[in-house]
Amino acid sequence: MSASTYGEKNCAITGVGQSKVSRGSPDTALTLTVHAAMEAIRDAGLTRADIDGIATWPGDKGDQSGFSPVGCAALQDALRLKLNWYEGGGEAPGQYGAVFNAIGAIAAGLCRNVLVFRTMYEATARKAAFANSLIKPGQRQSGGGGGGFSWFGPYWNYAAALQQSLFFNKYVHNSGIKPEQIAQISINQRRNASLNPAAIYRTPITLDDYMNSPRIAGPLRIYDCDVPIDGATAIIVSRMDVAKDGPNPPVRIEAVGSCMQYRNSWSQLDCLPTQAQPKVAEMMWSRTDLKPKDVDMAQLYDGFSFHTINWLENFGFCGLYEAKDFIEGGKRISLEGELPTNTGGGALSAGRLHAYGAVHEACTQLWGRGGDRQVKKDLHVVATSTAGGPLAGAMLLVKD
Amino acid sequence: MPNGASTITPPGAPARALPVVDYDSEAYWKGGADGRLHIYRCQDCKYFVHPPVRFCPKCEGLNVEPEATSGKGFITSFTINYKQWVPGLPDKFVLAIVRIAEQDDVQLVTNIVNCDPDTVTMDMPVKVVFEQHEDLFVPFFEPEANR
Chain A
350 MSASTYGEKN CAITGVGQSK VSRGSPDTAL TLTVHAAMEA IRDAGLTRAD IDGIATWPGD
410 KGDQSGFSPV GCAALQDALR LKLNWYEGGG EAPGQYGAVF NAIGAIAAGL CRNVLVFRTM
470 YEATARKAAF ANSLIKPGQR QSGGGGGGFS WFGPYWNYAA ALQQSLFFNK YVHNSGIKPE
530 QIAQISINQR RNASLNPAAI YRTPITLDDY MNSPRIAGPL RIYDCDVPID GATAIIVSRM
590 DVAKDGPNPP VRIEAVGSCM QYRNSWSQLD CLPTQAQPKV AEMMWSRTDL KPKDVDMAQL
650 YDGFSFHTIN WLENFGFCGL YEAKDFIEGG KRISLEGELP TNTGGGALSA GRLHAYGAVH
710 EACTQLWGRG GDRQVKKDLH VVATSTAGGP LAGAMLLVKD
Chain B
34 MPNGASTITP PGAPARALPV VDYDSEAYWK GGADGRLHIY RCQDCKYFVH PPVRFCPKCE
94 GLNVEPEATS GKGFITSFTI NYKQWVPGLP DKFVLAIVRI AEQDDVQLVT NIVNCDPDTV
154 TMDMPVKVVF EQHEDLFVPF FEPEANR
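Those sequence lines, one after another, are chains A and B.
Count the first sequence with the working numbering and you get residues 350 to 749, in order.
Count the second sequence with the working numbering and you get residues 34 to 180, in order.
Calculated directly from the structure, the hints in this document are not laboratory data.
Treat the hints loosely; a few may be bogus.
With a straight-line cut-off of 30 Å between C-alpha atoms, the simulated DSBU-like cross-links for lysine-lysine are [said to hold, decoys possible]: (1) Lys91/B x Lys628/A; (2) Lys116/B x Lys527/A; (3) Lys725/A x Lys593/A; (4) Lys125/B x Lys63/B; (5) Lys628/A x Lys527/A; (6) Lys160/B x Lys79/B; (7) Lys79/B x Lys105/B; (8) Lys680/A x Lys628/A; (9) Lys79/B x Lys116/B; (10) Lys91/B x Lys79/B; (11) Lys116/B x Lys673/A; (12) Lys680/A x Lys726/A; (13) Lys725/A x Lys673/A; (14) Lys369/A x Lys527/A; (15) Lys79/B x Lys125/B; (16) Lys476/A x Lys116/B; (17) Lys640/A x Lys673/A; (18) Lys105/B x Lys63/B; (19) Lys91/B x Lys63/B; (20) Lys91/B x Lys476/A; (21) Lys527/A x Lys125/B; (22) Lys116/B x Lys410/A; (23) Lys125/B x Lys673/A; (24) Lys369/A x Lys725/A.
Calculated from the model, a selection of chain B residues having no Cβ within reach of chain A, i.e. all distances over 12 Å [what the hints assert, rightly or not]: (25) Pro47; (26) Pro52; (27) Arg69; (28) Asp77; (29) Leu95; (30) Pro99; (31) Glu100; (32) Asp149; (33) Pro158; (34) Asn179.
Have a look at the derived ranges for each label pair, beta carbon to beta carbon [said to hold, decoys possible]: (35) Gly678/A x Ala46/B: 41 to 47 Å; (36) Arg718/A x Lys91/B: 53 to 59 Å; (37) Lys476/A x Met155/B: 37 to 43 Å; (38) Lys79/B x Asn433/A: 50 to 56 Å; (39) Asn433/A x Val86/B: 35 to 41 Å; (40) Leu459/A x Thr40/B: 31 to 37 Å.
As the structure is a computational prediction, the values presented were derived from the model and not from experiment.
Ideal Cβ placement from N, Cα and C applies to all residues, glycine included.
Construct the complete structure from the given sequences, taking the supplied hints into account.
Given below as structure tokens:
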């Protein structure tokens, strides 16, 4: 499986950066992005002059939702970068689409060091309005194609929590998972967050706390939902020969999963209980000799706890509908367990950094910077994943 | 009130956000004026095509036209909403994906109405019911047992 065939094998993450993450920032989204970007560039032992490409997902949304307020153009100008290539678009295998594009740009000989970033400003946006609403009052909903939200329009589909529960409730029905088992995801991540000074919510929660928390839409409770924040993450993806010159041991991108094999639609999705994850995971494993048993740690998407539950199964850490037993009691996924999962608290407790928090945490742990939450065993292989519904992307990261 | 339309949304409840309707989706959103649910169907191989497009992914035929269906279906998945996202929502309501009786892979997003949300179950048989909003006849589904 050579780098000439599999472009990701010639790429590595060489530096990471993150702004302060908060429930309401005094800084603008662009300033937060600059903080993350400069930290990542310096972490990789580089200067602005070394960055020859930038990529982000889904690009500047040009609205007040806070979902993606900063795109390539604003960051390029703020940092006065001189680039050979740039890309910021939303139709991609979830948030990691930007990384996959960076791999392509490196493989094409366009770039050596790509700055990949993701910025969210939803905490501030929500103070002004229910900004995340999927419904825009007073205007007819467009998007009539296969993936379009217009098909949800008249049905009071106000939020992703409500709409994605169509997947989660099907999963509950098929798997028989119980609330006290589902709870282990948020309990574990809150425990991890209590050891992470940068996390938003750091007070541990109990099973009683979970069971007594407000219901959102069946089967979701409030603790199953990620936390809107203001914050930005940046990572540097470098060509392997360049990566080897840096101060950090390269975190190699061993394999990716990026495929679109299901009906790519929020309403017509033909894999409701698993979401579009199984074939994406299958593709990732087909591009490496490593196996699920070789994975030391998992940083799994957790926009909702069920995404994490799904990924545990679809990556093959346990069988389909067996996650309920795998996570029972929370021991296996704890910092001391066989598969420490979402070790920084994840989006549920550290904040909705939208999958790039997971990459940042993977590198933090692989480079031994985890502080009180550092996993004690030797760490080399991390599985990481993004997105739900029809969107899914996966990466296997390796530090040799 | 036109044939088949009824009142579903309670007084004081939030407005229904309406979709942009185009040449292909018109049959779905306006066809309910005659009390029936219209879905695109390949006239050559009889495959239902939804969301509507004048191309059949089974036989590659272009002869695709709207057809009235039985209006019956089954609940493929659903969720009961509890959160008051905006003022005026019922304490509970059901968002669902219904597959039509004629073909499993035609999945319609809808609310299950005219019943206690707690009585809704997976695979429950349901039947279409329309509510008029402006020029559209919005399809909802109620338990088939209601009829």
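Verification of the supplied hints:
1. Lys91/B x Lys628/A: Distance ~22 Å between Lys91/B and Lys628/A Cα, so the pair holds.
2. Lys116/B x Lys527/A: It holds: about 21 Å lies between the C-alpha atoms, which stays within 30 Å.
3. Lys725/A x Lys593/A: holds (25 Å)
4. Lys125/B x Lys63/B: holds (28 Å)
5. Lys628/A x Lys527/A: Holds. Lys628/A to Lys527/A sits at ~26 Å (cutoff 30 Å).
6. Lys160/B x Lys79/B: holds (22 Å)
7. Lys79/B x Lys105/B: With Cα atoms ~18 Å apart, Lys79/B and Lys105/B stay inside 30 Å; holds.
8. Lys680/A x Lys628/A: holds (28 Å)
9. Lys79/B x Lys116/B: Not satisfied, since the Cα-Cα distance of roughly 41 Å exceeds 30 Å.
10. Lys91/B x Lys79/B: Given pair Lys91/B, Lys79/B holds - Cα atoms ~10 Å apart, limit 30 Å.
11. Lys116/B x Lys673/A: holds (26 Å)
12. Lys680/A x Lys726/A: holds (15 Å)
13. Lys725/A x Lys673/A: Satisfied, since the Cα-Cα distance of roughly 25 Å is no more than 30 Å.
14. Lys369/A x Lys527/A: Given that 30 Å is the threshold and the Cα spacing comes to 36 Å, the pair is violated.
15. Lys79/B x Lys125/B: The given pair, whose Cα atoms are some 38 Å apart, is violated under the 30 Å limit.
16. Lys476/A x Lys116/B: holds (18 Å)
17. Lys640/A x Lys673/A: Since the Cα atoms of Lys640/A and Lys673/A sit roughly 22 Å apart, the hinted pair holds (cutoff 30 Å).
18. Lys105/B x Lys63/B: Satisfied, since the Cα-Cα distance of roughly 18 Å is no more than 30 Å.
19. Lys91/B x Lys63/B: Since the Cα atoms of Lys91/B and Lys63/B sit roughly 26 Å apart, the hinted pair holds (cutoff 30 Å).
20. Lys91/B x Lys476/A: violated (48 Å)
21. Lys527/A x Lys125/B: holds (21 Å)
22. Lys116/B x Lys410/A: Cα-Cα ~27 Å, so holds.
23. Lys125/B x Lys673/A: holds (27 Å)
24. Lys369/A x Lys725/A: holds (26 Å)
25. Pro47: Its Cβ does come within 12 Å of chain A, the nearest being 6 Å, so this is violated.
26. Pro52: violated (4 Å)
27. Arg69: The claim stands: Arg69/B keeps its Cβ more than 12 Å from every Cβ of chain A (closest is about 18 Å).
28. Asp77: Non-interface label stands for Asp77/B: nearest chain A Cβ at 21 Å, farther than 12 Å.
29. Leu95: holds (18 Å)
30. Pro99: Answer for Pro99/B: holds, closest chain A Cβ roughly 15 Å.
31. Glu100: At roughly 19 Å from the nearest Cβ of chain A, Glu100/B sits farther out than 12 Å, so the non-interface label holds.
32. Asp149: Since the minimum Cβ distance to chain A is about 14 Å, Asp149/B lies beyond 12 Å and the statement holds.
33. Pro158: holds (17 Å)
34. Asn179: holds (19 Å)
35. Gly678/A x Ala46/B: 41 to 47 Å: holds (43 Å)
36. Arg718/A x Lys91/B: 53 to 59 Å: holds (54 Å)
37. Lys476/A x Met155/B: 37 to 43 Å: Given about 39 Å between the Cβ atoms, the range holds.
38. Lys79/B x Asn433/A: 50 to 56 Å: holds (53 Å)
39. Asn433/A x Val86/B: 35 to 41 Å: The hinted range 35 to 41 Å holds for Asn433/A and Val86/B, with Cβ atoms some 39 Å apart.
40. Leu459/A x Thr40/B: 31 to 37 Å: Since Leu459/A and Thr40/B have Cβ atoms about 60 Å apart, the given range 31 to 37 Å is violated.
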